[in-house]
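Visitor: Sequences are here, hints too, so could you generate the full structure?
In order, the protein sequences belong to chains W and D.
If you read the first sequence in our numbering, its first letter stands for residue 2, the second for the next number, and so on.
If you read the second sequence in our numbering, its first letter stands for residue -9, the second for the next number, and so on.
To be clear, the hints were calculated from the coordinates, so they are not data collected in a lab.
Incorrect hints may appear among the rest.
Claimed, not checked - Across the chosen pairs, the derived CB separations fall in these ranges:
| id | chain 1 | residue 1 | chain 2 | residue 2 | range |
| --- | --- | --- | --- | --- | --- |
| 1 | W | Thr68 | D | Phe571 | 38 to 44 Å |
| 2 | D | His371 | W | Ala256 | 22 to 28 Å |
| 3 | D | Arg470 | W | Pro95 | 40 to 46 Å |
| 4 | D | Asp360 | W | Gln71 | 25 to 31 Å |
| 5 | D | Arg470 | W | Gln71 | 50 to 56 Å |
| 6 | D | Asp296 | W | Ser157 | 43 to 49 Å |
| 7 | D | Asp465 | W | Gln71 | 54 to 60 Å |
| 8 | W | Asp92 | D | Leu216 | 26 to 32 Å |
Said to hold, decoys possible - Where chain D lies over chain W, by a calculated footprint (3+ residues, C-beta under 8 Å):
| id | segment |
| --- | --- |
| 9 | 183 to 190 |
| 10 | 228 to 239 |
| 11 | 278 to 290 |
| 12 | 341 to 355 |
Unchecked claim - Calculated Cβ distances over 10 Å to all of chain D for the following chain W residues:
| id | residue |
| --- | --- |
| 13 | Thr68 |
| 14 | Leu70 |
| 15 | Ser103 |
| 16 | Val106 |
| 17 | Gln107 |
| 18 | Ala110 |
| 19 | Gln115 |
| 20 | Pro117 |
| 21 | Leu133 |
| 22 | Ala150 |
| 23 | Glu155 |
| 24 | Gly172 |
| 25 | Val222 |
| 26 | Lys312 |
| 27 | His338 |
| 28 | Ser359 |
Virtual Cβ for every residue (Gly too), placed ideally from N, Cα, C.
What follows is the residue order along each chain.
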Amino acid sequence: MRSTTRSNGARPVSNLELRSTAGGYIWEDSIQRSWDVVQEDAGGSLAGVVAELVQAGKRKRLHYDTTPLQRGIIRHLILVLDLSMSMSEKDLRPTRYQLSISYAVQFVADYFEQNPISQLGIIGMRDGLANLVSQLGGNPTEHISALQALRKQEPSGDPSLQNALEMARGGLYHVPSHGTKEVVIIFGSLLSCDPGDIHKTVGTLKAEHVRVRIVGLAAEVAICKEICRRTNEGDSTSTYGVILNEQHFKELLLASCTPPASTKQKSSASLGSDLMRMGFPSRIVETSPSFCACHSRLIKGGYICPRCKVKVCSLPTECPACGLTLILSTHLARSYHHLMPLRNWDEVDWNDAKKASSCFACQLPFLTALSSAPRLRVSVSGSTTNATAVSAIATGGASGRFRCPSCKQMFCIDCDLFAHEILHNCPGCEAAAGGRKLSNGQAATEVSTATTSAYA
Amino acid sequence: MQAPFLVPALYSGKKGTIRLSSGRNVVEWIPSAAPIDGNDGSGPVNGTVVVRLDNITASTATNEKARLRITTTCHTQFTFELPTRANLEALKAALASANVTSPSSSPASAGLTPAPAASKSDPTRRLAIPTKGLSDTDLLADRTLQLSFLRSNGDLRQQFSDAVVGQQLPCDEFWRTRIPLLRMHSLVLAQRRGPYNVLATIKPVSKTHSEATGEGGGTAQMMVSLSPDKIRDIFVQYPVVRRAYDENVPPLVETTFWSRFFLSKLCRRLRGEKIGFNDAQDNQRELQNENAKIMRFADVEANEMDDSQRAGNRPDITMRQTPHNDALSIMRTMNKLSQKIVASVEREAQQPLEEQEQLKQRGLVLQDLDPVTTVSHIGLHLHRSTHSLHSATAWKDVDAVATDGNESGASKMLESMIDSCSSSSGSIPTLLSSAVPSSSTVCHAQSQVFNLIHSRRSTESNRHKGDDSDNSASDAVMMRDMKLSHTAGIEFLRHFWSALLSGEPSRAVSGLPLLITSVEKSKMRLETIVDRHVTSNAFQDPANLSQEKKRVQGYVQITLDALQSAAKMYYDLVKEQQEAFIAAQSENTTLAGTLP
Chain W
2 MRSTTRSNGA RPVSNLELRS TAGGYIWEDS IQRSWDVVQE DAGGSLAGVV
52 AELVQAGKRK RLHYDTTPLQ RGIIRHLILV LDLSMSMSEK DLRPTRYQLS
102 ISYAVQFVAD YFEQNPISQL GIIGMRDGLA NLVSQLGGNP TEHISALQAL
152 RKQEPSGDPS LQNALEMARG GLYHVPSHGT KEVVIIFGSL LSCDPGDIHK
202 TVGTLKAEHV RVRIVGLAAE VAICKEICRR TNEGDSTSTY GVILNEQHFK
252 ELLLASCTPP ASTKQKSSAS LGSDLMRMGF PSRIVETSPS FCACHSRLIK
302 GGYICPRCKV KVCSLPTECP ACGLTLILST HLARSYHHLM PLRNWDEVDW
352 NDAKKASSCF ACQLPFLTAL SSAPRLRVSV SGSTTNATAV SAIATGGASG
402 RFRCPSCKQM FCIDCDLFAH EILHNCPGCE AAAGGRKLSN GQAATEVSTA
452 TTSAYA
Chain D
-9 MQAPFLVPAL YSGKKGTIRL SSGRNVVEWI PSAAPIDGND GSGPVNGTVV
41 VRLDNITAST ATNEKARLRI TTTCHTQFTF ELPTRANLEA LKAALASANV
91 TSPSSSPASA GLTPAPAASK SDPTRRLAIP TKGLSDTDLL ADRTLQLSFL
141 RSNGDLRQQF SDAVVGQQLP CDEFWRTRIP LLRMHSLVLA QRRGPYNVLA
191 TIKPVSKTHS EATGEGGGTA QMMVSLSPDK IRDIFVQYPV VRRAYDENVP
241 PLVETTFWSR FFLSKLCRRL RGEKIGFNDA QDNQRELQNE NAKIMRFADV
291 EANEMDDSQR AGNRPDITMR QTPHNDALSI MRTMNKLSQK IVASVEREAQ
341 QPLEEQEQLK QRGLVLQDLD PVTTVSHIGL HLHRSTHSLH SATAWKDVDA
391 VATDGNESGA SKMLESMIDS CSSSSGSIPT LLSSAVPSSS TVCHAQSQVF
441 NLIHSRRSTE SNRHKGDDSD NSASDAVMMR DMKLSHTAGI EFLRHFWSAL
491 LSGEPSRAVS GLPLLITSVE KSKMRLETIV DRHVTSNAFQ DPANLSQEKK
541 RVQGYVQITL DALQSAAKMY YDLVKEQQEA FIAAQSENTT LAGTLP
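Guide: Below is the structure:
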């Protein structure tokens, strides 16, 4: 029986895939250690190499898929935290528990930054039960204060994935069809202590189109993979990840900030689109305070709901009186950038580098070929096996220029990062229509000051 | 039906009677204050009903006091004290004959209602997660759930008493806007714990003697904290411990039992720890093997395996030649335990056989080398409209303006500024005066900017501080009233809008007139509060009466407007409907007039 399934299931692996860069098989290759890659320069200094690595790290963050896809931007996400005994392990500093709470706080902030018209709720798994940490809602400060309150508690007992998933399902029960239903689990244990059959729960989750993503902190667990596979239409590779280190943990968790692309199967089930009412409230400035409808506190200024005329103190929110979604147009624009991602900028090699002497956005002068020559020599001076890895870095950051494929302007790496991560627009494309270049110097310097403040 | 068996007994110091009706398999204890005869058939008053008994322990014959401990299947224990030993023996015999103690008596008692003592035990032991009771109608109908939610949430209780109790908002209306909260609460209540390895969770904490007693230089002590839940879970998971407990506890004190248990070899073995030579031997008899031991020479299977000719790899999980006893015993214990845990879950899940088989098959299939499934997403085809905003003509206009007017002026100004800067005498004020056309506009702009900053700052500080705290006593009272009325007003507005926008004609017709009166009342209430505050403060300072009124009214002006606009909208809609109705009627009559 088993042999037949293997012969059916196994994919013939082509020899090419198993070839390493040196020509032999992967396992015949010598191990590349990270400290072998780094080579000192003539003066014994590592500064140049470190700078190259930092550059490479920056570049790495930018290589993501930029195909525009249909995504659900009105998201409803439940974050599930493992608060069981296994989270008291100290393999992440100071403990898994504290670190995952810190990252969860960051996740909440980033999530609302990138998805202002979405909602979030938090559930904890402790003592075999699921505890509600905060209700599904759109106010990041409430969630963050609930997470901060968790810090003072201690992890205890076993986690129960089934209880947590059932509760998450209940929390997402009322979500209308135009919103996504998502669950993100930070799972530090290797077991789940469930009262019943978890496969049934997974079946109901699948039927209700709830998508589950899991970040494992210890090792790959079969049931986690199964949950992700079944709720994401067979795709468990991009939805279930086990962390390698703190940085990877953060990357895996923050990957959930991007709204999920809607798949063909799901959309064929719910054909057609529906309209949604939203209110763009007007801001008022008051000299004397008045009560807000959301918290019943005396507050100066706020926003007036266009339908029912009550005052709310912050946006985005749902009107406490008439239930209208109140947002600013900038929130909508910020949610939209996921639908139309800015294309990756190409690296410019030295042949084309002379065309621009300074960054189009921040006006800082680029490196010239001469000044960066020593750094190049350092990186190539490694042994032959290491040279491939190092030279990849070297060519990546060699000219320090990146060109937008549509407007052909060149930018420095910091502006590249800023444009892709915060601005989500190309300064060149926005300005360059009609062949104008001069007037954007002013605007571009403003952008560069914003860059420095953002990174400060 | 047999006559009930009655024995006088003390329960926690109170006099009463144990009643055993054999036909119903029910044991009751009735305090003597309650009339026994009048109680017959109508169920116990103030008594303890025990549906299923798990164990009965009587104190030993040498013991002076005749005590009987009854353990229910929920592991709640009741200890009764009987007047004489003869009574105790009689009760024991009666209980045995009534067959309430037999562990297999579950079908007999299945139809009975659970006892109050059992039902209060703990919420984590409920039978199943409800999957159906999550719909809106179910939640709205579940009054006990709503009650328990109100009990757990103080703010909500306040709102409920304000709106529903105080101002006759229909209960369903109140809950209709809070269904997601109710659903979460029902899930919180309904979930229960799965079986787990209890002993692994109990970790002894070492504590020096000095800490415990306050004296210096003491010896180290191991502390183990045990909750009743944990004890119950140990009993369920390890029947052998329960047996030991039942047999030994009347002579032993409970704490001594547990301290001896945690030091025993049995405990170590159950935990799956290594047992060394130095470990203390249990002086109680070996309780590990529940099954009767088969003598070696009579054990056919063992003899077959014990063939020196066949000695290959060992027929156990290690599959090695040399035995590793300690490792093996640990593995066996852990395997046995996990089998037990899984079995207890499966028994409850009760899947059909073929489904179980399928699951097993699915678990066996190796999926590591499966081809990576690619999910097909829906691509978007974007056309960046470059011509609309950045159209050439538009830019040309801007260009023209820039080149014609401002740019030349700006460059001139720049040049002059550079000149004055380069000449060393030029300081910034003179520079400004030379560059900026008139100082009055600058002053105006400056004051505007500062005003904005001030108002912004006060808004921000106010936001962090919350309410104004520098209020007088009368202000504080007024504020409290106002806040409550404001909250109630918003609450009614919320129900008004939800009914209006619900799209259900029945709900709108039945609910709206009631709600609109409440909305209007809220408005009146707020106005009354403002007026009352102003009139009560009028004699103090009549000069700034209107100013005071303006200040206080300002707090709620927006709310008043919102209430007003809701009422206006309602009456406009009603008027529209009426006009439409009249128009339709008149059309009908004209039609009727023309028809004959």
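Visitor: Each hint should be assessed against the structure and marked as holding or not.
Guide: Hint check results:
Evaluation of the 38 to 44 Å hint for W:Thr68 and D:Phe571 yields a failure: the beta carbon distance comes to about 56 Å. Checked against the hint of 22 to 28 Å, the C-beta distance between D:His371 and W:Ala256 comes to roughly 25 Å, which is consistent with it. Here the CB-CB span from D:Arg470 to W:Pro95 is close to 44 Å, well matched to the stated 40 to 46 Å. The beta-carbon spacing between D:Asp360 and W:Gln71, approximately 27 Å, falls within the hinted interval of 25 to 31 Å.
For the pair D:Arg470 and W:Gln71, the beta carbons lie near 51 Å from each other, so the given range of 50 to 56 Å is met. D:Asp296 and W:Ser157 have their C-beta atoms about 48 Å apart, which keeps the hinted 43 to 49 Å range intact. Distance hint for D:Asp465 and W:Gln71: a CB-CB separation of about 56 Å, consistent with the stated range 54 to 60 Å. About 30 Å separates the C-beta atoms of W:Asp92 and D:Leu216, a value consistent with the hinted range of 26 to 32 Å.
Taking a C-beta to C-beta cut-off of 8 Å, the segment 183 to 190 of chain W contributes 0 residues in contact with chain D, too few for the three needed, and the coverage statement is violated. With a threshold of 8 Å between beta carbons, the proposed coverage of the segment 228 to 239 of chain W by chain D holds, since 5 of its residues qualify and at least three are required. For the segment 278 to 290 of chain W, the assignment as covered by chain D holds, since 5 residues bring a beta-carbon within under 8 Å of that chain's beta-carbons and 3 suffice. With 1 residues having a beta carbon nearer than 8 Å to a beta carbon of chain D, the segment 341 to 355 of chain W misses the requirement of three or more and the stated coverage is violated.
The non-interface label for W:Thr68 is inconsistent with chain D: the shortest C-beta to C-beta separation is roughly 6 Å, within 10 Å. Not every CB of chain D is more than 10 Å from the CB of W:Leu70 (nearest about 5 Å), against its label as outside the interface. Taking the minimum C-beta to C-beta distance to chain D, about 24 Å, the non-interface status of W:Ser103 holds against the 10 Å cut. At roughly 20 Å from the closest C-beta of chain D, the C-beta of W:Val106 stays outside 10 Å, upholding its exclusion from the interface.
Distance check for W:Gln107 against chain D: the nearest CB is about 23 Å away, which clears 10 Å, and the non-interface claim stands. No Cβ of chain D approaches the Cβ of W:Ala110 within 10 Å, the least distance being about 19 Å, so the stated non-interface status holds. Against chain D, the non-interface label of W:Gln115 holds: every CB pair exceeds 10 Å, the least being about 18 Å. Here W:Pro117 stays apart from chain D, with its beta-carbon at least about 19 Å from theirs, past the 10 Å limit.
W:Leu133, annotated as away from the interface, has a beta carbon of chain D within 10 Å; the closest lies near 6 Å. Distance check on W:Ala150: its Cβ is at least 17 Å (rounded) from any Cβ of chain D, clearing the 10 Å threshold; non-interface status holds. Distance check for W:Glu155 against chain D: the nearest CB is about 13 Å away, which clears 10 Å, and the non-interface claim stands. Consistency note on W:Gly172: stated as away from chain D, yet its beta-carbon is not over 10 Å from all of that chain's, at 6 Å minimum.
For W:Val222, the condition that its CB be more than 10 Å from all CB atoms of chain D holds, with the nearest at approximately 13 Å. Against chain D, the non-interface label of W:Lys312 is violated: not every CB pair exceeds 10 Å, the least being about 5 Å. No beta-carbon of chain D is positioned within 10 Å of the beta-carbon of W:His338; the least distance is around 12 Å. For W:Ser359, the shortest C-beta to C-beta distance to chain D comes to about 20 Å, beyond the 10 Å cut-off, and the non-interface label holds.
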